[in-house]
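One letter stands for each residue in the lines below.
Number of protein chains: 2
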Amino acid sequence: MSAHERDPIREAHRQWVAHGWDDAADGMAMVTSLVRAHQLLLERIEAVLRPLDLTFARYEVLRLLSFSSSGRMPMTRLGSLLQVHPTSVTSAVERLVRQGFVERQGRDDDRRVILAAITDEGRAVVEKATDGLNGEVFAAPGVGPGQVADLTRLLGALRASAGDRVE
Amino acid sequence: MSAHERDPIREAHRQWVAHGWDDAADGMAMVTSLVRAHQLLLERIEAVLRPLDLTFARYEVLRLLSFSSSGRMPMTRLGSLLQVHPTSVTSAVERLVRQGFVERQGRDDDRRVILAAITDEGRAVVEKATDGLNGEVFAAPGVGPGQVADLTRLLGALRASAGDRVE
Chain A
108 MSAHERDPIR
118 EAHRQWVAHG
128 WDDAADGMAM
138 VTSLVRAHQL
148 LLERIEAVLR
158 PLDLTFARYE
168 VLRLLSFSSS
178 GRMPMTRLGS
188 LLQVHPTSVT
198 SAVERLVRQG
208 FVERQGRDDD
218 RRVILAAITD
228 EGRAVVEKAT
238 DGLNGEVFAA
248 PGVGPGQVAD
258 LTRLLGALRA
268 SAGDRVE
Chain B
108 MSAHERDPIR
118 EAHRQWVAHG
128 WDDAADGMAM
138 VTSLVRAHQL
148 LLERIEAVLR
158 PLDLTFARYE
168 VLRLLSFSSS
178 GRMPMTRLGS
188 LLQVHPTSVT
198 SAVERLVRQG
208 FVERQGRDDD
218 RRVILAAITD
228 EGRAVVEKAT
238 DGLNGEVFAA
248 PGVGPGQVAD
258 LTRLLGALRA
268 SAGDRVE
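Taken in sequence, the protein lines are chains A and B.
The first sequence begins at 108 in my numbering and counts up one residue at a time.
The second sequence begins at 108 in my numbering and counts up one residue at a time.
No lab work stands behind these hints, which were simulated from the structure alone.
Among these hints, one or two may not hold up.
Because identical chains share one entry, a pair is satisfied inside a single copy or across any pair of copies.
Claimed, not checked - Heads up, simulated EDC-like pairs for lysine to aspartate or glutamate below, C-alpha to C-alpha not over 20 Å straight-line:
hint, residue 1, residue 2
1, Lys235, Asp114
2, Lys235, Asp216
3, Lys235, Asp130
4, Lys235, Asp129
5, Lys235, Asp160
6, Lys235, Glu150
7, Lys235, Glu153
Let's have the full structure, built from the sequences with the hints guiding it.
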């Protein structure tokens, strides 16, 4: 958007009020702002992860596995920690296996339980990705420390209202 | 996520601090919270739009066209208002044309300028979609009115820092 354009979300809010949708106008502006902020952050995240051939979803899988004491975790547990559908976990892990970053294993005491285990290559790439994300995005996400805390708290309230456990 | 699980974002924050990434831990928690809140809101939005065979991106195109006085707009203008890449606008409009919700027209005074024009069917579906989104999502986005205002303001600061014009 060029600098002399108006704010399109503010414009949409005006239209909402003009159409008599007053009770929904503020919520529309908030939701649309969140969708836009997500898009802007994702562009920055993908600029870091694309050269490493990772998406944010696959990065999160590697990150969780690298934090676990044994470097492996049942697929079902991954899904519940990542709060995504089992089919999303399966397709992310399948891609990571093809990339050599994860191996699939049967659990020793019950071969029917399928574990995802991070490889040395996986550990190397997740460390590189975390360095990049910390430096390029997380340490300077675009608003100051106080606003970061306020945003996290408000987004937590939104998550909690949808059933997430939020501490 | 089941109710007795811990908050995975809080857990990730603990890991970040434990690894000495203190300067990035709060930003990581904020960005991850925003990605999660976006996912939860998008699920609610898609539950409204899926029965109408619309995505949020295509809904936004129809909404903009329906607000314009003539019901039509140059493709380039759509892209700048929606703050998305021209190829995204093209593919959204192509799909809307196939659905019968939009027609492509050359501008009367310069046939090289391609306009997207909303059809009667497009106007009917965008009205239905807006009713649904207002009632199901925007009027009750999951946090109270004060929090909605605070969130919009903070997300606006984040958008502005990335170069968006924010009023």
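A quick look at each hint next to the structure:
For a Cα distance limit of 20 Å, the shortest separation of Lys235 from Asp114 qualifies neither inside one copy, at 37 Å, nor across copies, at 25 Å. Within a single copy, Lys235 and Asp216 get their C-alpha atoms no closer than 34 Å, and across copies no closer than 54 Å, so neither meets the 20 Å cut-off. Taking CA atoms no more than 20 Å apart as the test, Lys235 paired with Asp130 passes between copies only; the shortest distance there is 17 Å, against 46 Å inside one copy. For the identical chains of this complex, Lys235 and Asp129 are inter-copy neighbours only, at 17 Å across copies versus 48 Å inside a copy, given an alpha-carbon limit of 20 Å.
In the homo-oligomer, the alpha carbons of Lys235 and Asp160 lie at most 20 Å apart inside one protomer (12 Å), although the nearest pairing across protomers, at 40 Å, exceeds that limit. Only within a single protomer do Lys235 and Glu150 lie at most 20 Å apart by alpha-carbon distance; the minimum there is 18 Å, versus 32 Å between protomers. With identical chains, the CA atoms of Lys235 and Glu153 are at most 20 Å apart within one copy only, with a shortest distance of 14 Å there and 35 Å across copies.
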